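Which chain is which? The protein sequence lines are E, C and B, in order. Numbering follows my numbering, with no gaps: position 32 of the first sequence is 32. Numbering follows my numbering, with no gaps: position 129 of the second sequence is 129. Numbering follows my numbering, with no gaps: position 137 of the third sequence is 137.
Hints were generated in silico from the structure; no laboratory data involved. In this text the structure is predicted, and so the values were computed from the model without any measurement. Glycine included, every Cβ here is placed at the ideal spot set by N, Cα and C. Possibly wrong hints are sitting among the right ones.
[Unchecked claim] In silico SDA-like pairs for lysine to any residue, Cα to Cα no more than 20 Å straight-line:
(1) K7/C to R116/E
(2) K33/B to A128/B
(3) K33/B to L295/C
(4) K7/C to S117/E
(5) K33/B to D216/B
(6) K7/C to R301/C
(7) K179/B to G165/B
(8) K179/B to T160/B
(9) K33/B to K7/C
(10) K7/C to V259/C
(11) K33/B to N264/B
(12) K33/B to R169/B
(13) K33/B to L262/B
(14) K33/B to L126/C
(15) K7/C to L289/C
[Stated by the list, open to error] Stretches of chain B that chain C covers, calculated by requiring three or more beta carbons in the stretch to come under 8 Å of a beta carbon on chain C:
(16) 8-20
(17) 154-160
[Claimed, not checked] Here's a subset of chain B near chain C, in silico, CB distances under 8 Å, partners left out:
(18) I35
(19) W57
(20) L83
(21) L104
(22) N108
(23) V149
(24) L150
(25) R219
(26) F226
(27) V230
(28) L271
(29) V273
(30) I276
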Amino acid sequence: MAEPLLSGRGLAKRFGGLLAVSDVNVDVFAGEIFGLIGPNGAGKSTLFRLLAGILPPTAGSVFLDGRAITGIGAARVCAAGVVATHQIVRPFRSMTVVENVMVGAFFGERPRPRLRSQAHALAMDALERCALADRAEQPARALNLPGLKRLEIARALATNPRVLLLDEVLAGLNPTETDRTVELIHAIRDAGTTIVLVEHNLRAVRGLCSRLAALVQGAKVAEGEPAAVLADPVVVDAYIGRSTLVAPR
Amino acid sequence: MPATVRKLVAGLVLLAAAAAVPAVVPGWEYALDTLFIVYLYGALALGWNILGGFAGQISFGHAAFVGIGAYATALLAGRGIPLWLAIPAGGLLAAAFSLAIGPPTFRLRGPYFAIATIGIGEATRLIALNWTALTGGASGLTLAFAPGIVPQYYGALALCTGAVLLSWWIVTSRFGMALAAIRSDPEAAATLGVQTTIAKTQALLLSAFVCGLGGGVYAIHYLFISPDSVFGFSLSISLIIMPIVGGIGTVAGPVLGSVIYTFIREQLEANFQNLDLLAFGLLLMAIVLFEPLGLIGAFDRFTRKRTAPMPPPVRSAGAGDG
Amino acid sequence: MNDTFDTLVNALLAAGLYAVMSYGLALIYGVLKIINLANAGVLMLGAYATWWMWSAWHVDPLLAPLIVIPVFFVFGVAIERTLVARVLGQDPIVSLLLLFGLWLVLQNVAYLAFTGDTRSIDDAFIDATFRFGDMQVPWPRVYVFAMGVLSLVALEAFLTRTQLGRAIRAIAQDRDAAKLIGVDVARVNAVAFGLGIAFAAFAGSLLALIFSFGPDFGRTLQLKSFCIVVLGGLDSIVGVAFGSIALAIAEGFGLRYMPASLQNLISFVVLVVVLIAFPKGISGMIRSVRNARDRA
């Protein structure tokens, strides 16, 4: 088996008295689309942020290509080739669409472009891939939610990442938009970028991911092929159990 | 890009006109004097704007840097150092000071940053007031010699032009893009690879340097400096008002603000002591309420570049840094 | 020994004024989440109003608050409704700049109306002192301290026992949750701001009993207020009380070792030290600890 591209060992994150993630090992291999699923509060967003370098872990390490990248900060993790999008979109509202993506182009890929014209070209490439090129000069504020989500992706793509982490990128999209985004994700993977997804849309996950890990209450309870994981009784119980409306007293 | 070329040509024309003034109106000291103030305050406003407008970190205590530059220049000149060394030394000293206070202040969230800058401005004033051995305390310092009004005029013009060029470079550079991202959303900027603390510190250094140089130029013009004049809160206030009124975060805005500021001061200060500050307070409130991007923003709107006022481009200092 | 006692007593008395000065800041920040930079300006206007009523109409300065407080409350509500409410949704820096502009206006209106001359109230009460141990304690300072304590008690009672007060606390804790349970946020904003302004003006009234002042006077006190709210908590009334005492004691003891003109530097030093040690302010740190503990 090849070496994993991105991996976490013994990752744990504590917020005060709450242990959000406990002792999780996860491996992501180059070229795959890896999914993180679990009910709300399971810790998948936290694990996601640990892998992306947005949060430092309370314990454990994150490795990229065998090199430790734990705790070096989000900016340096991005320079190393790992970039994450945000669950709640965070466009730079005072900038245009292309300017938003230029930020990614300027500060991600090494060697970094020096001139705005260079970054602009790279940004337009990313926008083309995300079907946003025609809206390049519009203010970012003018986009609707699906557009903003694709802007997040385009911006991340412009950093030329080796690993792209997508946080609930399908949330809030109607079926047509969901399908378009799924196509886009496939296209990104086919172009050579490894992808890690946090997702609630289990139908999409089944079709999209080559492998899944399921988290329940901060611990990994299942891992493997989507069909197997989604049929795993522990996973099913976690989802169904959580969906009952009356909490036992 | 025609727009850039147009701006460049306009700038060169203005520069040529400005350079020609002493030749065209020889001996008209009042004009040279007034323009000197416009250039000097324009440079100071541009300096503040680098940190406050481009980087979005609103400082209420920027007079600290002006004061350091002024006193450094005065003290060095008093020891025989030529002005062309003393003034840049003042700028460098101000920049060094900013490097010392930058990192701890940038850690502050939300309103704490603004409060801290007020405190820093006041503290430097109090130190200058009480460190009598070095600064002469409340009696201030006088300079024995300074060049005539014409060299001063060109000096201030050079400083202002330099500040304009620096600002223009920032706006068109990768560095400027980093600052714009930080201004908008520092955490998101960090996830895209922007080193936010480093970029803010760089902006602070440039800002402090320009304001320090301005302090030196101030000293050689007025020949007398005191803690209240160069470290005073009124000066810090003016450094905020000019860019905001003119157009925060733009290149032309601070200069425009300086023109307006100087004009209002000239007109009102003669008649009523504090009517000018009252006018500025009202102006500030009006801008904040109705046209956050200042006069440049209003101008852009009327030439229909935008259809509705954009939200203010600044973000509270330190909020949610990455 | 006696010296320390004297210092402590003086500090305690000073704390009273500082506290009344800062309650308004805390109240406004707690509800509207903005820093009222115009606080110093209102402070100064309250002092001027009191002085003027005494000098023009011979109104007893001790009774002046009865007029000053309601008038400035209305003024505060008006400011909130017409100006502040418009910028509340935007980035906090906008309200900061707006209130900063207002401060400039207030300060210079005072300059124009009253000129830059120093004013003070000369009244029999002002100069009266009494013996306490071997100290001559000026009555006004005791009075101001008493007002400080009274304000604290009244404010706490208001916040805990009246419906409006509870609404204020609800919003301060969690604005969205408060909206969900039906609190009229707009009305509470206006009242809270009005109260904040009224307190500042009241403090100004008290200030007029102790100090002679000019239009610039508010600024130094403003810095002390900031120091206090940073120490005690931007939105905690009791925290303000403690912060006032802490600062007053620091100043009092500092005075014994350094010249008077440096006294104001103390508040800055305290401010800087605290902010460096606790970038979120002391109350922010306490809140983080409390949040973390609650999640367990």
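Results of checking the hints against the structure:
no.	hint	verdict
1	K7/C to R116/E	18 Å, holds
2	K33/B to A128/B	41 Å, violated
3	K33/B to L295/C	29 Å, violated
4	K7/C to S117/E	19 Å, holds
5	K33/B to D216/B	26 Å, violated
6	K7/C to R301/C	18 Å, holds
7	K179/B to G165/B	15 Å, holds
8	K179/B to T160/B	19 Å, holds
9	K33/B to K7/C	42 Å, violated
10	K7/C to V259/C	19 Å, holds
11	K33/B to N264/B	27 Å, violated
12	K33/B to R169/B	13 Å, holds
13	K33/B to L262/B	32 Å, violated
14	K33/B to L126/C	30 Å, violated
15	K7/C to L289/C	29 Å, violated
16	8-20	violated (count 0)
17	154-160	violated (count 0)
18	I35	4 Å, holds
19	W57	26 Å, violated
20	L83	7 Å, holds
21	L104	3 Å, holds
22	N108	4 Å, holds
23	V149	27 Å, violated
24	L150	28 Å, violated
25	R219	6 Å, holds
26	F226	5 Å, holds
27	V230	7 Å, holds
28	L271	5 Å, holds
29	V273	10 Å, violated
30	I276	5 Å, holds
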